[in-house]
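Each chain, written out:
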Amino acid sequence: MPEISYREAVRDALATVLRKDDDVFVMGEDIAEMGGSMGVTQGLLDEFGPERIRNTPISEIAIVGAGIGAAMQGMRPVVEIMYEDFLTLSLEQIVNQAAKHRYMSGGQLKVPLTVRTQGGAGWSPGAQHAQQLEGWLVHVPGLKVVFPSTPTDVRGLLYASIYDDNPVIFFEHRTLYGLKENVPEDLEAIELGRARVMREGDDVTVIATGRLVHESLAAAKEAESDGISVEVIDPRTLQPLDEEALVKSVKKTNRCVVAHEAITRMGFGAEVAAVIQYQAFDWLDAPIERVGAKFAPLPFAPVMESFVVPHAEDVLQAIRRTVAKR
Amino acid sequence: MARAERTAELSREQLVEFLREMLLIRRFEEKVEERFRAGDLPGFLHVAIGQEAVAVGVCRAMDDGDVFASTHRAHGHTLARGTPANEVMAELYGKIEGCSHGYGGSMHLYDVERGNLGANAVVGGGLPAAVGAGLAFAMRNEPRVAVAFFGDGATNIGTFHESMNLAQLWSTKSLFVCENNRWAESTPGWQHSPVWEEMSKRALAYDMHAIKVDGQDVEEVHAKTREALEHVRSGDGPVFLDVETYRLHGHYIGDPQVYRRKDEIREANEEHDPITLLRDRLSIDNGEFDSMNADVQQVVDDSVEFAKNGTDPQPEDALKNIYA
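Chains A and B, in that order, give the protein sequences.
According to the working numbering, the first sequence holds residues 1440 to 1765 in order.
According to the working numbering, the second sequence holds residues 161 to 484 in order.
Chain B extracted, bound-state conformation (with noise of 0.2 Å):
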């Protein structure tokens, strides 16, 4: 029955448009993994491999006007919320065209005319500000919603209790998004928190409440975000929601997972790639798959030469952009 309304929501049109999406990401990720190694890129890189679905799902779900403050594994996010593939390639070889003109890098990826203030490179370190952009859009009267992206690894973090505390406690319009992908960096989340399989837990210690999400299915995602946005928006809360999800590679690129089991990872990518699994519901044939395929991969081969084409900054253009 709920499934039956949540298709009902989205045509099958839109789906096949966020499985293209979710293909762009992929496509974008193997490519930056590709010129990682090819010795293009510096830097410090995490790719989205397996979370695609809650890239997509969750900033679909998004209104215009809508903020968010991502991770340090942000690549789908920016893409999912409609900042061209050409800009963020471009960040990540530190150009002026790039989405945060070369100052950020992948880890620090925004695009504030479409609600992005910002990836984070320090485990938590966005959250309070969704809280704060939450607070603003309340003491305002705006319809707006601040998400805030994070993984199972960040519950552990002073800011995550203490954002969620005072997002509870002043009703902000706030939207904590966790990505649970399992693993905090190399830590399994066994290791690292007692609620690791049950999240939603966290929530429950602030009296928040909380969706539990299962972050493989994009039409999930999407339809509980949507209810989540609303449940936010109309001012009865902040919302908690515990998404659970795969990462498919390493944390970063070149890890070797010394940590994890080989047929965990092999099972984890048969199982639960939230590609597969829409295409397989969509039932796209191999032709329709292909022509998709080669349509985002040409976007992604397109970005990666207006990469390469773009304008190196100066370097005393470092000693710009401090101050307002």
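Bound conformation, chain A alone (with noise of 0.2 Å):
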């Protein structure tokens, strides 16, 4: 069991991959030489040289449609877009081809691409370098979408998803990179569209991705001392999504709290209150409480940027609001 980061997590999910199977291959924006603007790469030109560690021109549009070109020639490439933000300049690629050649083929097509990427605040970059997008993915028929909050979870999910032969949208949360923990000895893959309980609790269940899963933990351990028994789930794969396991857990709480780091409105935890007061409107004693980012965009100044975005407190707030209603 060793103890690795979120970062050496990923790294290692490539490296495995790319040791055992001639048809992957990584290209993205700084990614050989200087290891990816987070480190995420780092060594693993050394090891595979420069055809299958790929430095790209500042082009995410053509990279990530080459990715897709490549992808149905039957490799399995994975692409790097530095920042989620980046992401909206390949998104014509993504959801109007990746998401579709299979669908508009009558299924003659496989696009078997992977598209990491990352995003989140707390480090006052501004509003082009930190914003949680996924949510505008998860809308797009075709494409899976994946945001693990662990270096277990981060690991095994992008083995998975590279072995996938869907498009995926692997979101990585920059604030995780440094987050260490014991991971299995052996790289197992986790299948896509299976939540994981990170914490059991009785009273309320709380829905949380990425960053927010750890402050949804410190929440819920704040919360014990007042006597609330709190549920954490992830998600980890946003599409497909868990639905069975976080309906199972409301029914047995009868409360529940969405959380994630990205804008409330429309989030994707617009979509979980819809699927849980739907299937489980009858258990719940209470509305579902919503935790996300103000509708703003990022401010730059570090007391602007921390208001704008939810921590452990809002989360405890929330649960509490909750619990309160009777």
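Heads up, some of the hints might be wrong.
[What the hints assert, rightly or not] Quick partial rundown of chain A residues pointing at chain B, CB under 8 Å, derived from the structure: (1) Pro1496; (2) Ala1501; (3) Gly1506; (4) Ile1507; (5) Gly1508; (6) Met1511; (7) Gln1512; (8) Asn1535; (9) His1540; (10) Arg1541; (11) Met1543; (12) Ser1544; (13) Gly1581; (14) Asp1604.
[What the hints assert, rightly or not] In silico contact screen, one side only, chain B against chain A (beta carbon under 7 Å); selected entries: (15) His261; (16) Gly264; (17) Val272; (18) Ala289; (19) Glu322.
[Unchecked claim] Per label pair, the in silico range of CB-to-CB distance: (20) Glu273/B with Ser1563/A: 50 to 60 Å; (21) Pro1489/A with Ser443/B: 53 to 63 Å; (22) Glu390/B with Glu1490/A: 23 to 33 Å; (23) Asp423/B with Phe1734/A: 53 to 63 Å; (24) Asn1621/A with Gly225/B: 46 to 56 Å; (25) Arg1704/A with Ser394/B: 52 to 62 Å; (26) Glu273/B with Asn1494/A: 34 to 44 Å.
Hints in this document: simulated from the structure, not taken from any laboratory.
Cβ atoms here follow ideal geometry from the backbone N, Cα and C, with glycine treated the same way.
From the two separate chains plus the hints, produce the assembled complex.
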């Protein structure tokens, strides 16, 4: 059970599949000598060479599109988009092409492409380097969307994503790269579409993604001292969504909080809330609480940034509000 | 001299076969216009009348194993690559027997077995995939080429520039076929590009080998495509084919072409019809032409019957083929 960081876990998953499979290659901006802007791909160039660890020009739409073309020929490309904000530049190829080739061809094609990207606030980069846009992609049929929050999950889910025969948009959270955890000795694939109960509890279910999983765990600990037992669930895969696991938990606790760093309005949590209210309406003892960023671009000044995005305290307040309603 | 060499490559018999294919595309497109106006065909259709020599010249120069990405104007490319008229027409009718099984339609014709990786309704949308497929061929050292068709209008979109740059930079096995038909929908070349009369200049910026082609001359299209494919296949890098052609009809079926002078349309039809040009060159007499015409007309008429008798998908089939 080695202890590795979230960053090392991503790298280990990449290295493992690169060793195992000639069809896998990685491309992205500054990923070779520099090892990526987040240092995730450090060392891969030395082991696998420039044919398979490809530094690209700053051409987000072409590198995603080239990944699509290579994937349609049976390769399993992994494209790194440096920041989620830059994912917007490649959306035409992701939304119109990658997601739809299989469908438009009536099932003739497969696009086993993985697009890794990262985002997340907490370091004051301003409005164009830390957005959380995962909700946009969940809206597009044909894509799978993954957002792991721990080293174990990021490792096993990335492995499974690369071997998935569909385009997978794989979100990593910047502030989690340094997070360490003991992971299984041997890399095991984690099936896409399976939620993980991060903490069991009886009074409230918090369904959280990304950084907010950890904020929710901190809030749960705090709530425990008030005598509130909190269950925390991380869906891990946003599409397909493990609705059954989420609904089952809420039917047990009768209360629900959804939490993510992305903007609350039209965020992923809105869909989760809709799923829960429809499938567990009679079990709910209180309205579902939503925790997310305020409806503003990310500001630069640290005090403003901290105000816009949610923290453990916001989750704790939401837990208290839902418990207060009898 | 050059002409003699090219002619030497193709026998009269082969050229007659090319003429037949071009005529098949023409009659197919005319039938599509007719059935659309009659209300048979749903959706949005674009015919390739005037550009048949490009489709036949390029697609017949490709080898088995080569792949291509097409555009919204894809019927000609698809037929020229060998997809039976029945399957193309059935797709336009939204039938399961169609080449995309009713999921694609006119702007999304696919035939993966014959290398057709899809027609694209986003201008420039297929170019990056042709780079990626060409990259896969290069990485695996396969003697295959990925061809991207696109129009002059696509040379102004980001995917074109990023794709050209990446292909040349990585020497992918990609062939860029620019069908310059002088119109980006209703916008003439001179209004959308400073180099509309010399699209090869776009390739210069990326240090890519470019070849200028008269797109109304199927022999020349075929010969220069062979040359370009050889260049790409041998690993000498991607090629930009600057093909000058004519769109003899409107952008879409029903386009009144209010933006285009009547005499320009008449002149294009009288002087630049690739079928007339080839027929004259081969000195095909009326008897031979009429017989060929009757033959392809029968294929087209049969395709309509085939399509009409095809199987409608069940509504709930709409929820299939979303994920592999």
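Right, here's what the structure says about each hint:
A least Cβ separation of about 6 Å between proline 1496/A and chain B falls short of the 8 Å threshold, and the interface hint therefore holds. Hint status for alanine 1501/A: holds, given a least beta-carbon distance of 3 Å to chain B, under 8 Å. The criterion of a C-beta within 8 Å of any C-beta in chain B is met by glycine 1506/A, whose closest approach is roughly 6 Å, and the hint holds. For isoleucine 1507/A, the interface hint holds, the least distance from its beta-carbon to any beta-carbon of chain B being 5 Å, beneath 8 Å.
With 8 Å as the threshold, the beta carbon of glycine 1508/A comes within range of chain B, its nearest partner Cβ sitting at about 2 Å, so the hint holds. With 8 Å as the threshold, the beta carbon of methionine 1511/A comes within range of chain B, its nearest partner Cβ sitting at about 6 Å, so the hint holds. The interface hint given for glutamine 1512/A is met, as the beta carbon of that residue sits about 4 Å from the closest beta carbon of chain B, less than 8 Å. Look at asparagine 1535/A: its Cβ gets to within about 5 Å of chain B, closer than 8 Å, so that hint holds up.
Interface restraint check for histidine 1540/A: the shortest CB-CB distance to chain B comes to about 6 Å, inside 8 Å, so the restraint holds. For arginine 1541/A, the interface hint holds, the least distance from its beta-carbon to any beta-carbon of chain B being 6 Å, beneath 8 Å. The interface hint given for methionine 1543/A is met, as the beta carbon of that residue sits about 4 Å from the closest beta carbon of chain B, less than 8 Å. Taken as an interface hint, serine 1544/A checks out: its beta carbon lies about 4 Å from the nearest beta carbon of chain B, inside 8 Å.
The closest approach between the C-beta of glycine 1581/A and any C-beta of chain B is roughly 6 Å, which is under the 8 Å cut-off, so the hint is satisfied. Checking aspartate 1604/A against chain B: minimum C-beta separation of about 4 Å stays under 8 Å; hint holds. Given hint, histidine 261/B at the interface with chain A, holds; its Cβ is 3 Å from that chain's nearest Cβ, closer than 7 Å. With a least beta-carbon distance of about 5 Å to chain A, the hint placing glycine 264/B at the interface is held under the 7 Å criterion.
Taking 7 Å as the C-beta cut-off, the interface hint given for valine 272/B holds, the closest approach to chain A being about 4 Å. Hint status for alanine 289/B relative to chain A: holds, with the closest Cβ pair at about 4 Å, below 7 Å. For glutamate 322/B, the interface hint holds, since its Cβ comes within 7 Å of a Cβ in chain A; the closest pair sits about 3 Å apart. The hinted range of 50 to 60 Å is satisfied by glutamate 273/B and serine 1563/A, whose Cβ atoms lie roughly 54 Å apart.
Remark: the range hint 53 to 63 Å for proline 1489/A to serine 443/B is upheld by a beta-carbon distance near 56 Å. The hinted window of 23 to 33 Å between glutamate 390/B and glutamate 1490/A holds, with their beta carbons roughly 24 Å apart. Restraint check, aspartate 423/B to phenylalanine 1734/A: a C-beta distance of roughly 57 Å satisfies the suggested window 53 to 63 Å. In this structure the supplied range 46 to 56 Å holds for asparagine 1621/A paired with glycine 225/B, their Cβ-Cβ distance being about 49 Å.
For arginine 1704/A and serine 394/B, the hinted distance range of 52 to 62 Å is satisfied, since their beta carbons lie about 55 Å from each other. Checked against the hint of 34 to 44 Å, the C-beta distance between glutamate 273/B and asparagine 1494/A comes to roughly 35 Å, which is consistent with it.
Violated hints: none; the structure is consistent with every hint.
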